[in-house]
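Numbering (the working numbering), first residue to last: 1 to 590.
Honestly, the hints are just simulated from the structure, not real lab data.
Take these hints with a grain of salt, some might be off.
[Claimed, not checked] Cut-off 30 Å, straight-line C-alpha distance, at most; resulting in silico cross-link-like pairs (DSBU-like, lysine-lysine): (1) LYS202 <-> LYS253; (2) LYS253 <-> LYS243; (3) LYS335 <-> LYS255; (4) LYS95 <-> LYS65.
[What the hints assert, rightly or not] Quick list of simulated restraints, FRET-style, between CB atoms: (5) GLY363 <-> LYS589: 29 to 37 Å; (6) ARG296 <-> GLN3: 16 to 24 Å; (7) ALA252 <-> ASN117: 53 to 61 Å; (8) GLU427 <-> GLU493: 32 to 40 Å.
Owing to the predicted nature of the structure, the values given are computational and were not obtained by experimental measurement.
Yeah, the Cβ is synthetic: ideal placement off N, Cα and C, and Gly gets one too.
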Amino acid sequence: MKQQIVQILTQVVQQLKNEGVLPEEASVRINVENTRDKAHGDLATNLAMMLTKLAGQPPRTLAEKIVSVIESLADRGAIEKVEIAGPGFINFFMKDDAKFAVVEQVLTQQADFGRCNAGQGRSVLVEFVSANPTGPLHVGHGRGAAYGASVANLLEVAGFDVSREYYVNDAGRQMDILATSVWLRYLQLCGEELTFPSNGYKGDYIFEISEELRREHGETLRKPAFEVFTGVCADEGQTDGDKEKHIDDLIAKAKNLLGAHHYETVFSLALNTILGDIKEDLEGFNVTFENWFSERSLMESGVVDAALEKLQQAGKIYEKGGALWFRSTEYGDEKDRVVVRDNGLKTYFASDIAYHFNKLERGFDILIDVWGSDHHGYIPRVKAAMQAMDTNPEALQVLLVQFAVLYRGGEKLAMSTRSGQFVTLRELREEVGSDAARFFYVQRKSEQHMDFDLDLAKSQSNENPVYYIQYAHARISRVLEQAAEKGLALDLEKGMASLEKLELEAETGLAVQLAKYPETIARAAVAYEPHQIAYYLKDLAHGLHSYYNACQFIVDESEVRNARLTLISAVQQVLKNGLAILGVSAPEKM
RNA sequence: GCGCCCAUAGCUCAACUGGAUAGAGCAUCGCCCUUCUAAGGCGAGGGUUUCAGGUUCGAAUCCUGAUGGGCGUGCCA
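Turn these sequences into a full structure, and let the hints steer you where they fit.
Written out as structure tokens, the structure is:
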């Protein structure tokens, strides 16, 4: 319907140009909106107000001209009535039968209803979560997971060719700290007396992995504690202590005493256990990836070196203080960035440059990174690197997610992976369920700060609006089932043919609401805003509940009955489609 | 200090990206189950959109400044 109005208005603008009211060369953007208030009709345009400057006439006079042109048209499509209102809005009232046409569309397209081709098949790589595999996911990661997964689904429906990827940071110091932590716990299990480093990973999961290590390898990896700790810099809290130096020395000792092969054994057990746990956790959260991309593979395949070489050749690398620096300031970054440290080790940034370059080389048109907003300062340097390597920095879209601030009993919770004090995603899922958690996270705009009250989420889970939507879906199932039980099963063909029997306000309201679904998808997709879907679904569910209370669906008169059941079937389909984008189930029963 | 993000009902958030009387949920108060699921519906109260200017037919939305909060500002990842 909206498209129809746009077409008509395009004709009108041409007509006004012909009449000399508007300059011939003027380009006009025609804007048709859904009205908020029923008194303003179904659709409205601000065209007259937009043109007032171009035409040099007051908006209301222009509006009258526009309306008279529309009224002179032979074919006015589904327009029932046109009105001028307020400062110069033109309101369109549409014919009812045109409003119900969408019901048939929904029921024939089913799961495909709402799909559009905004993406034109362009390939997009959505990278999200990508949490370091040094511990279980916590509720902070949950938001990125829920958001990223929903954005990916949304883009898919909007006609993009989507791949989802998790970047596994399986190289670097944090992983060494993890492996060393596991090994030290293992030594303790073997009976060695030692003080655990203040900077090591202290969570319970470390004990579990070290127990596993002991089960698999007995005491073959055991070394005397005094040997491990001799020559190691003191830990924080002791005289001349330095926690960073302390842990680095321990890592060196672990590598040294164990030897490359055995160190690798500990390292991979830790990595694989945690990664396996993360995968399982995300699957339980209805979040899946096409690809798990290893940072180590990037290093080992020489992609990082190749990328640095490329920058070097472009003259964007220089040496200072024994380290290699990338001239990111040339592309607007605040300062140049180190890519190779004076100890010869490549920085995380170096592999990230390579990673993004690699993504484009794999042929993706658009790269989407979902990051925690604490990494926002990182964007300019990555874009700088892309520019320096002659790739289009516009291809990269970084979506920032504010981390949720957790509250329990009205108090803010501090969270840190290192200290092992955090609420895990798994815990949250088990308490409130995957559906409620997914919805809760995605209800808010991603860049909006979010307060996550655990008590509320857990204890009052029934108040989570996801149930409201699911309830609408289940209710419809039940009604259709009841009708069938009474021998009055929905006859779709008959129902479609009887849609003109629907004349209640709630019924046209629902139809109008259904028609808004495709445009909601399109708008949400280009803005990367899945919360719009959440709000849409709440509205639609409200429409359904309201309708449910307003009248009986299973009535004797077969035309009315079939028409009503047809309408609610369409509503059910759209609820299901929308929930699928959010990764939430659509239950038949509740 | 500098940079980025944010500020809307008592609380948590929307507002079709500049449109008409700023809307929902929770909380509070009334009403509705002999009717297809009450995890529901109907209604009431609640606002100087942090503040001060500016841009224009029109501002919660854009610009400037102030105030308050979050984050960043490593040869960490």
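Structure-based check of each hint:
With a C-alpha separation of about 19 Å, the suggested pair LYS202 and LYS253 falls inside the 30 Å cut-off, and the hint holds. Straight-line distance between C-alpha atoms of LYS253 and LYS243 comes to about 15 Å, which keeps the hinted pair within the 30 Å bound. Annotation: proposed proximity of LYS335 to LYS255 is violated, straight-line Cα distance about 35 Å (limit 30 Å). At roughly 23 Å between alpha-carbon atoms, LYS95 and LYS65 fall within 30 Å of each other, so this suggested pair holds.
At roughly 45 Å, the beta-carbon separation of GLY363 and LYS589 lies outside the given 29 to 37 Å, and the hint is violated. About 51 Å separates the C-beta atoms of ARG296 and GLN3, a value inconsistent with the hinted range of 16 to 24 Å. Our hint of 53 to 61 Å for ALA252 and ASN117 holds, since their Cβ atoms are close to 56 Å apart. Range check, GLU427 to GLU493: Cβ separation about 50 Å, and the 32 to 40 Å hint is violated.
In the structure shown, a violation is registered for the earlier hints numbered 3, 5, 6, 8, in ascending order.
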